[in-house]
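**Student:** Below, each chain spelled out in residue letters.
2 protein chains.
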Amino acid sequence: MIKVGIVGTGMISELFAEGAKFVEGMEVVAIQSRDEMKAKEFAKKHKVELTFTDYEGMLKDVRIDAVYIGLPNSLHFEYACKALSAKKITILEKPFLSNLKELDALIDISEETRTMVFEMNRVLCLPNTHVIRDHLEDIAPVRMITMNFSQYSRKYNDLLAGKTPNVFSDEFSGGALVDLGVYGVHLMVDLFGMPNNITYIASQLPNSIDISGNLTLTYDGFLASLVQSKNSRCDNRITIQGEKGTIYASPTASRIDTVILDVGEKKDITVTHEYESMTYTLKEIVRVINEKDEETYRKQLKQIRNVLEVLCAARQSAGIKFTADQK
Amino acid sequence: MIKVGIVGTGMISELFAEGAKFVEGMEVVAIQSRDEMKAKEFAKKHKVELTFTDYEGMLKDVRIDAVYIGLPNSLHFEYACKALSAKKITILEKPFLSNLKELDALIDISEETRTMVFEMNRVLCLPNTHVIRDHLEDIAPVRMITMNFSQYSRKYNDLLAGKTPNVFSDEFSGGALVDLGVYGVHLMVDLFGMPNNITYIASQLPNSIDISGNLTLTYDGFLASLVQSKNSRCDNRITIQGEKGTIYASPTASRIDTVILDVGEKKDITVTHEYESMTYTLKEIVRVINEKDEETYRKQLKQIRNVLEVLCAARQSAGIKFTADQK
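As given, the protein sequences belong to chains A and B, one line each in that order.
Residue numbers for the first sequence follow our numbering, beginning at 8 and rising by one.
Residue numbers for the second sequence follow our numbering, beginning at 8 and rising by one.
So that you can see chain A by itself, here it is in the shape it has in the complex (with noise of 0.2 Å):
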């Protein structure tokens, strides 16, 4: 049995608890915020057993195999790193981290330590991607790729309001390609692997952080068009446009509601999804931890360090700048 603990009582640490009531082999064992109401609060509603204030304080507790960390993204290099120090198989949120640098040094301590490290990236486990993936020989060769992920954000009041939300600062390495283009980003990468260019323009606030952009990734033969937007909104949809046909699939953030493949007729591909994101992702880690399948984990660190290196590649072309950047 895994022990988790999770850190941080956010929208998505409530996710990830209830993700991980449907998978075997893991148990959600404790909570820690610095508002102590707080982990009381989501221990009581989530049944989970113990609580801590202080991380540290959770690290050193031998009653907890991994961490989940569920905070925003800037805190994610920091946390990791003092977790898999600690020697606890570590959950990060996407976007993995703010850089590559920060890649390197978390990977370093991960060896050091012997220590797995996961991204809980939603979109690649899902049923309805393996679907696109077993038909895309349907529709080959591919010619053009367009995604939208876009999704108004809770915290954009806020933002025209004169404040800056974690999800819009760049001291939080907010924006939307790394919020909502992460998606669209990994999916390629998977189905297609690196691109041969990459060109992100965006539209940006005056700290640099982009709040919509169309990502460009040029392959050989095809392009693909990464549209995402946080001020607007509207039925977000994949296309992936071949000679001999076409697949659409609709995803809403993280899941992937309907697949649709058109080879002269459209045809249902859909297959209906038992359990919420997270919990198919949250299995495959199990699996991996449980069957010490290396080969699957080595593949999994690469994924996350293409798809680092895409957003980084990103927003560079774009002029987007994060505070951890400077570090």
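Because the hints were derived from the structure by calculation, they are not lab data.
A portion of the hints provided could be inaccurate.
One copy or two, it doesn't matter: identical chains are merged, so the pair holds either way.
[Said to hold, decoys possible] List of simulated lysine-lysine pairs, DSS-like, C-alpha gap at most 25 Å: (1) K251 with K170; (2) K10 with K67; (3) K251 with K162; (4) K52 with K10; (5) K299 with K89.
With chain A's structure known, arrange chain B on it following the hints.
**Tutor:** Okay, now just chain B, sitting in the frame of chain A:
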């Protein structure tokens, strides 16, 4: 009655002849083709009185007031110059011309001979385009626009077989942007004016011509991604995302089949099109001519120039070179 001579017997000329049948005040009276058989067949099929094999012959004929030029793109300039010099009102198929040098020269002739020149731009006069225009306020401010105009070319197999059809030729000023992207550019310029920045990233043939691409137009506070592909297809879609809601439209080449307004819940605001797309544009052309509506005419010329400016800047951004640019 404006008596029109059609130049060229291709599919587009067939559409023109069909579309003109519903236009009061306009009549197709002549067809010109170097191939006499083709001219006669066309004349018989569409009940056209006069046939010409010689373009100059048709231009000299006093029974003809106007010409419609439905030839490969790079021939537009030469044929339109001759028509305007002969004081024939000229209707040019889209894309209007290859570049701004051609436009300046053509406008000079048009002013000298006091003869009007129009673009057969099918998208701007559509009733459903007016519907979109009228509902922008409901979703304002606009924050993200995506358009996808993809159409698998009937000539793509020729290209794969090693030939270079006109539509993929630098000599004939071809490519996905000027052929399909032009619809989206016309809409953007009409609805939002000139963009601040223009970036085109394309999949290009060895002759530099784009077979597909992603055009990003940036405006104050939002941007637009215009995707076009001639070697794949999809359900074409226009999405205009605002802070207060979203407008979806389904265009097929030069029609707009549905318009959906979503400001909390989805509402179908489509109007049924009574005619095919060319008819609407021709009715407006006849109105402008008959009412001597100089203001609308000047506005149209400005729109044509702006669109051509965007197309040329986009081509320059991607390195797409037409033979016509070197003249």
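**Student:** Tell me, in ascending order, the numbers of any earlier hints that this structure violates.
**Tutor:** none
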